[in-house]
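Colleague: Chains as they are written, first to last, in this note's numbering: chain A, 1 to 129; chain B, 1 to 284; chain C, 1 to 200; chain D, 1 to 1020.
Honestly, the hints are just simulated from the structure, not real lab data. Worth double-checking, as some hints may not be accurate.
Unchecked claim - In silico contact screen, one side only, chain C against chain D (beta carbon under 8 angstroms); selected entries: (1) Pro-9; (2) Leu-26; (3) Glu-28; (4) His-54; (5) Arg-58; (6) Leu-61; (7) Arg-86.
To be verified - In silico PhoX-like links for lysine-lysine, alpha-carbon gap of 20 angstroms or less: (8) Lys-571(D) with Lys-94(A); (9) Lys-182(B) with Lys-342(D); (10) Lys-57(A) with Lys-995(D); (11) Lys-356(D) with Lys-67(C).
A virtual CB, placed ideally from N, CA and C, is assigned to each residue, including glycine.
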Amino acid sequence: MRLSYPPNIKIIQVPCTGKVDVLYLLKSFQRGADGVYVAGCMEGDCHYLTGNLRARKRVEFTKKILDEIGIGGERLEMYNMSAAQGPRFVEIAKEMTERIKKLGPNPIKRVASAALEYSATPEKKECVV
Amino acid sequence: MKASFFPGCSLEGTAREYGESIDVVSSFLGIKLEELPGWTCCGASAAHCINEFLSVSLPARNLLLAEKLKHDLVTPCAACFSRLKAAEKALTKESKEIDASTPFRGEIKVLHLLEFFSREDLIEIIKDQVKRPLSNLKVVSYYGCLIVRPPQITDAKNWEDPQALDNLISLMGGESIFWPYKTECCGGSLLLTNLDIVRRLIGRILDMAREAEADCIVTACPLCLANLDTRQEEIGKAKGITYNLPVFYFTELLGLALGLKGTQRWFRRHLTDPRPLLKAKQLM
Amino acid sequence: METKLISLPVTVNRDTRFRDLVVEALGEAIFSCYQCCKCSAGCPVAFVMDLLPHQVIRSVLLLQREKALSSRTIWICASCETCTTRCPNEIDIAKVMDVLRQIQVESGTEAKEPKVPIFHRTFLNTIKKFGRIHELSLLTNFLRQSGGISDTIKSGEWKNDLRLGIKMFLRGKLKLLPPSKKGVEELRKLFDQAKEHKKS
Amino acid sequence: MKQQIVTQQNQKTPVGAVLLVGGGVGSIQASLDLANSGFKVYMVEESPAIGGRMAQLDKTFPTNDCAMCILSPKLVECGRHPNIELLTYSELLDIQGEPGNMSAKILKHARYVNESLCTGCGTCQEKCPQKTLSEFEQGMGTRKAIYVPYLQAIPNIPVIDKDMCIYFQKGKCRACEKLCPAKAIDFSQTDQKLDIQVGSIILAPGYQLTNPEVRGEYGYGRYQNVLTSLEFERILSASGPFQGHICRPSDHAEPKRIAWIQCVGSRDPSINKGYCSSVCCMYATKEAIIAREHDPEVRPTIFYMDIRAHGKGFDQYYERARDDYGVRFIRCQISKIIERPKSKNLLIAYVDEGGKIVEEEFELVVLSLGMSASEKSRNLAQTLGIKLTPYSFCQTASLSPMETSRPGVYVCGTFQSPKDIPETVSQASGAAAFASEIISSARGELVTIKELPPEQSIAGEEPRIGVFICHCGINIGGIVDVPSVKEYAKTLPHIVYVEENLYTCSQDNQAKIREVIQEKQLNRVVVASCSPRTHEPLFQETIRDAGLNKYLFEMANIRDQCSWVHMDKKKEATEKAKNLVRMAIAKASLTEPLHEQELKINKRALVVGGGAAGMTAALGLADQGFEVVLVEKEKQLGGNLRDLYYTIHGNNVQEFMHSLIEKVHNHPLIQIILNGVIVDAGGFKGNFKTGIMSGPGMAYRKIEHGVTIIATGGEEYKPKEYFYGHDERIMTQHELEGRIVHKEIDPKDLQEIVMIQCVGSRIPERPYCSRICCSSAIKNALKIKEINPNAHIYIIYRDIRTYGFLEDYYTKARKAGVIFIRYDLDNKPETSLEKESLRVSVFDPSLRETIVINSDLLILSSGIIPRDNEELATLMKLQRTQENFFLEAHMKLRPVDFATEGIFLCGLAHSPKPLDESLSQAKAAVSRACTILAHDTIMVSGIVAQVEEKKCAACLTCVRVCPYKVPFINEQGVAQIDVALCQGCGSCAAECPGKAIQLQHFKDEQIITKSSALFKENVA
Ligand SMILES: Cc1cc2nc3c(=O)[nH]c(=O)nc-3n(C[C@H](O)[C@H](O)[C@H](O)COP(=O)(O)OP(=O)(O)OC[C@H]3O[C@@H](n4cnc5c(N)ncnc54)[C@H](O)[C@@H]3O)c2cc1C
Ligand SMILES: Cc1cc2nc3c(=O)[nH]c(=O)nc-3n(C[C@H](O)[C@H](O)[C@H](O)COP(=O)(O)OP(=O)(O)OC[C@H]3O[C@@H](n4cnc5c(N)ncnc54)[C@H](O)[C@@H]3O)c2cc1C
Ligand code: SF4
Ligand code: SF4
Ligand code: SF4
Ligand code: SF4
Ligand code: SF4
Ligand code: SF4
Ligand code: SF4
Ligand code: SF4
């Protein structure tokens, strides 16, 4: 299935969302990402047992930091999806893009919009889109 | 084409038009249906209910008579068919002491008239002879219970979705409508004892035929026809609807499609008069 | 604790004679019933039954003779053979009904639906007398035997029936004269033999 | 003596190859086990691709994993494995020869596509003008005349369906030939016959759905909205004909009221399908749950007879469906479906809980069809001279369900009996153990081991990056302006070489990449193409062949994540492709060679537990030539077998046990330690060290071993219910069996016996089904009936769970007159115990009245609980379920592996199961263990976490976080991570507060540089 989603989304692979560091998320915003989301496996389905649960905690934590420093926690999100959920992947990509468009560009920079996705277990994630 | 014919008791009474149409149609098609001489009642639903021995021996007597004549035994009634087949199975399973001097050898077959009319050679003839195609006539086929059930007895192949009547309708140029109540029970055996149950059963069948947008119903059994035809008015009245769904014997429709004489006379005998419908469809 | 009892507890019987009769007529197959209810779910007259077909089988297996024989079910079963046709365990439920009716009739007690056995008896008597069924005689005899005439009058049904009767008559559907008594002698013999084939 | 020599001379040496028939999940598992333990594998699959039925499923119970996600990696592994040869679109015609040395005749159908030229680009499929219904989509979707059965199919090579192809039928077209960029279409191909030499054969041809038309009353084929369960799986599937959108065929409306009818074509002796298909109760439950998840307004109803949730975790799944998802379960077999002529809705009449007839309308009905052996596999069995059961499944020995009637030919999966995926997988491993046992002396003889050039050092070099950008036919090139991406790439730092290819992955381009690496002295390679999922290993292999470390490869995903998903936005897609290439190059410039550590493997195995499972595992490994240490904590071997006398199939258990014990004792490679207690454990896959105290003096020994098999078993639950222990007439099934055998009870003296099922099982404290007690009760009831046919036996049950062919015994028991009475948890039977009388009263839901039975005996079918295993679990860091059974790595596809590599489990330690299944599982553990023991060394992945000791504050964060419990604080007081154990998830690195941990290949610097590369232009 080749469903389309907005091209402003770029994917960075990590072995597991458990690898997504608070640092990466913050750095991304610092460099100019307008939005970032983390796409992990379904809860309870983590290839590495509990990585996605940890990631969620970190994302929640980073959202707070973003709120405090004035970038806004809404620009960051964590999603869970299985590799079979192509349509959901697209839906999320669209939803996130819409959300970021509404929020406008990252206050740190002035140029166009881009979102970054940290995606786990690449071999699973892509087979659907 | 020759066969022994077991008319069953109702052909001279309530099902007169069935008998008449069978005569006319079969002689037109060159079939010799010879009434089994000395036949007696098969016991119908009564015998098996209260007397095991009679339930086999009553039909068996007829079967043995027929075997002597060496022709297959054809019957137009579902109940007779069912009883004769049951006897046939019982006799071939364990030669019962009905008449030890002439055991049943199983050399003849018991056939329902519908089966008989579905023979390939007859189908070919009918196909060629249709004079007045039943165009635009939307028909649902009603087989009832005992022509098909239970398959161990009836040897029916497609007992949950029989096709013989539907095929004949299509052959005659009518529109055979698919509906789910082809073999739903009409309560025939309870007609005289539990009329209210029967009314409910018939009511459901009529309702479904209406829902399927049928113009009429076709059957192959005197009891089924009697049930579906005679009680329409009273059932409809209780529900505040007019069914007006004529019920035909398939041989009557054959007579009509083949352009044979006498159809008027048969149709007059129906309680739900089919003539207005046939006129409306320009089939009369 | 909430109790779900509908009737008093029944102590399981140890006397298997009743069940043995059914098994004799039907074979061991009846034991294989796993109470799937398919027979009942497909029975066209289940809505008026006091014991559903699967319960009839169950009562036979649990040796509850009275329950089975005094049921309305065994008489209003329309012998449509739906249950038999579809039972996954090849249990001839329709035949179980027959056997229970036969046992009931022989027991001499009154049936729950007395009209039905009377009808069947009248039917067989008509055959015995004429060799074939004469619808008019059957009808009148049955009404007389079952007290049906007064019933129909009471219920007002007679108007309906009368109207129907007249219509049938007008359409030539009522044969007035009984059939000639072909083969009746032979049949008598069968009826005599039948008496020897009682159940119990 | 002389004679022996003669036969030995005649006997050819075994062939180290195995033939697998079928390409379903069973076959895939067996082939990977075999190929990874030193054997050559040929896999014959009749369809154009492997995957079997599992590839068609949406999710899988009881974990709801996506079937394709968990299967796909295995498919890819099979497709790429140097020792597995896939013979798809082929069939086995005949075999000749003796076990160990057979020759197989195979017919390879013409594909009309040259397999070595085709790159799987899909152009032909796209352009072929001829459409037809897709078998894979169960006729609900379409495919072309030239097609690959499904998206992720392996091999990804199309086949021309001759009957549909316009050229073959009418002599014109050849569009595919014209347009194939690889010139791979070959209309001149013909069917080929191959002869293959193998040592043994495994049959895994799977099942087909039972024909729904056997039960005409359900109207399949006549009623549009009556579907088969497999059709419904496709409807649920996101890659299915409706993209996972639930809609019904008649009008494509979204059905809300959906009904499932169970046991269609199963448990139906009237059509010679007397067996239970074992999976349909669970898959219907699963489909109902998923339908609800797709659309919360869906109201699922399941009409069933018994819910057969007899597997691990199944009862909990069923209860969740009922309680959390509102799935309505109604116990009634349906007699008929009625389609309403206008709405095409479906009417179903059923008997409700109160014994009333109810008619209800549904918008969609799914028939839970059972499994049948296909006619083809029946024919195959006949040609091979293999006996079939009366139901036409493969006949096997009753205690060895993988051995067919022909020596050297084994079976696994659903052709042996209906079963789910985990059981198929486990049996497949078991069959692999059998198949390899007879050829174990030829291990390693036919496998290919690649010679690699030495790796060149790049230490101190500046990055010199080569970039290869793929057009993928028109897949990429049709959308993305590849030449401009190429020009752009040239402008980026460290770039030495850029090239565009039509197909970067084609054979000749692989050679080209190798050349360029040499020529231009490249030390990093970037490929911008399809997807790392399928192609990364290929390119890594290519650069390794050229002497570069494989971690110096990086991929930019410009097809799956760019051209395919932005087809309508060519300009943006090209921009994005540039971004992706820039990011990949940025990361590549920082990649480092990683070294996979090579560790020696200790070829000894430790088996813990000397019951049936443990002994069988020990023997299996020893017969494969490996040394085994078998530890049993009791003073003798046997476990539960010691007081088990007969199985339901009539096997003599004591005889079986004694011969097993004797074999174990006499095997030169098995060392038995009785009265052994494991007191410490350490090490990792290939190199474990376990301390055991044993013997009367409790002497301590340290055992070094490469693998561990846990077979610590389970035991009977001692009931607290129903006056157990208060009266000698009340006992468990197990006790009854013993007393009958020892003549303490004479069934002839008994008139009335009551058995109560699920004692101690399926209750809140122990929510699982013990799986064997239904058949144990039936076994003992039949035993009593055999001796005393007049005994009245009443079995009071909740659901009878005689899955698979065990159903026949249930039928047999009923026929013998055993009466079954159902109860619910909130209406349990009650016992009253007085001096003389033992009375059981129970509400009979059929007659809806309470029945009282004056019983001579009350037999409790008590469940199985795990043996005390807490200490062992802690020592070996093994995971357990809530109920304390051991927990496997993955419920579906790794049923006998622990998450910790190198440790396996089997028997009752895993979950309750009958003897034959314990034995199969023990064999499976053997096979899995062999995949490690067969090697001399193992490579440990380079992607592991490393601690920078100076930065470590010993805060214990990593120790807590690691899902595999790898990090520990060493003697130096800093965290240490064992590379052999680390799975490379990176969780520890992400949480280490001092940033003392880095995950190789995904270092902070590498990831941040890569993500920052996206913004370089913007910020600059
Ligand atoms: C609707 C449905 C839902 C299910 N859901 C689940 C679930 O959620 N979880 C679960 O555990 N199980 C589920 N199952 C069961 C699961 O499908 C099986 O357990 C599993 O597929 C069995 O695998 P197998 O390898 O034995 O056979 P198959 O998957 O049938 O594979 C056999 C392969 O052999 C090939 N083949 C056949 N004959 C030959 C021959 N003569 N020569 C060469 N090749 C041949 C076939 O083409 C096929 O590719 C479900 C089943 C159904 C019907
Ligand atoms: C009550 C009961 C009734 C059964 N009835 C039937 C039946 O009728 N039909 C049928 O087919 N199957 C039956 N089974 C199942 C069958 O017995 C088992 O499947 C089979 O025996 C396999 O058992 P096992 O080897 O996994 O475990 P067990 O037989 O339990 O053996 C495990 C062994 O491991 C030892 N052990 C435990 N922990 C340690 C440790 N830490 N260190 C060392 N050793 C340890 C134990 O002492 C024991 O000897 C029954 C099982 C039970 C419990
Ligand atoms: S259908 Fe057959 S098995 Fe099912 S309850 Fe009725 S008699 Fe028993
Ligand atoms: S035969 Fe009797 S019990 Fe059976 S389905 Fe028909 S009416 Fe019901
Ligand atoms: S030749 Fe056949 S397969 Fe090729 S494109 Fe034409 S129809 Fe399709
Ligand atoms: S077009 Fe050629 S290379 Fe591409 S998939 Fe088809 S056959 Fe293979
Ligand atoms: S009881 Fe068995 S055959 Fe019936 S649906 Fe459940 S698993 Fe399938
Ligand atoms: S590497 Fe290129 S040619 Fe090969 S599949 Fe991927 S994108 Fe297509
Ligand atoms: S008795 Fe045992 S096998 Fe049967 S359902 Fe209960 S726990 Fe499961
Ligand atoms: S990378 Fe994962 S598995 Fe490895 S030590 Fe860290 S947390 Fe554990």
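Colleague: Regarding the hint that His-54(C) lies at the interface with chain D, is the smallest CB-CB distance below 8 angstroms?
Modeller: holds, 6 angstroms
Colleague: Assess, step by step, whether the Cα of Lys-57(A) is no farther than 20 angstroms from the Cα of Lys-995(D), and give holds or violated.
Modeller: holds, 18 angstroms
Colleague: Are Lys-182(B) and Lys-342(D) close enough, with their CA atoms no more than 20 angstroms apart?
Modeller: At roughly 17 angstroms apart (the allowed maximum being 20 angstroms), Lys-342(D) and Lys-182(B) satisfy the hint.
Colleague: CA of Lys-356(D) to CA of Lys-67(C), is that 20 angstroms or under?
Modeller: holds, 18 angstroms
Colleague: With a cut-off of 8 angstroms on the beta carbons, see whether Leu-26(C) makes it to chain D.
Modeller: violated, 13 angstroms
Colleague: Given Leu-61(C) as an interface hint, is its Cβ closer than 8 angstroms to any Cβ of chain D?
Modeller: With Cβ-Cβ at 6 angstroms, under 8 angstroms, it holds.
Colleague: With a cut-off of 8 angstroms on the beta carbons, see whether Glu-28(C) makes it to chain D.
Modeller: This interface hint holds because 6 angstroms falls under the 8 angstroms limit.
Colleague: Checking hints one by one. Is Pro-9(C) an interface residue toward chain D, by the C-beta closer than 8 angstroms rule?
Modeller: Since the shortest Cβ distance to chain D is 4 angstroms, the answer is holds.
Colleague: Run the distance test for Lys-571(D) versus Lys-94(A): straight-line Cα separation, threshold 20 angstroms.
Modeller: Roughly 19 angstroms separates the two Cα atoms, so the pair holds.
Colleague: Are Arg-58(C) and chain D close enough, Cβ to Cβ, to be under 8 angstroms, as the hint says?
Modeller: It holds, given that the least Cβ distance between Arg-58(C) and chain D is near 4 angstroms, below 8 angstroms.
Colleague: Have a go at the Arg-86(C) hint: is there a Cβ in chain D nearer than 8 angstroms to its own Cβ?
Modeller: holds, 6 angstroms
Comparing the model with each earlier hint shows a violation of hint 2 alone; every other hint is respected.
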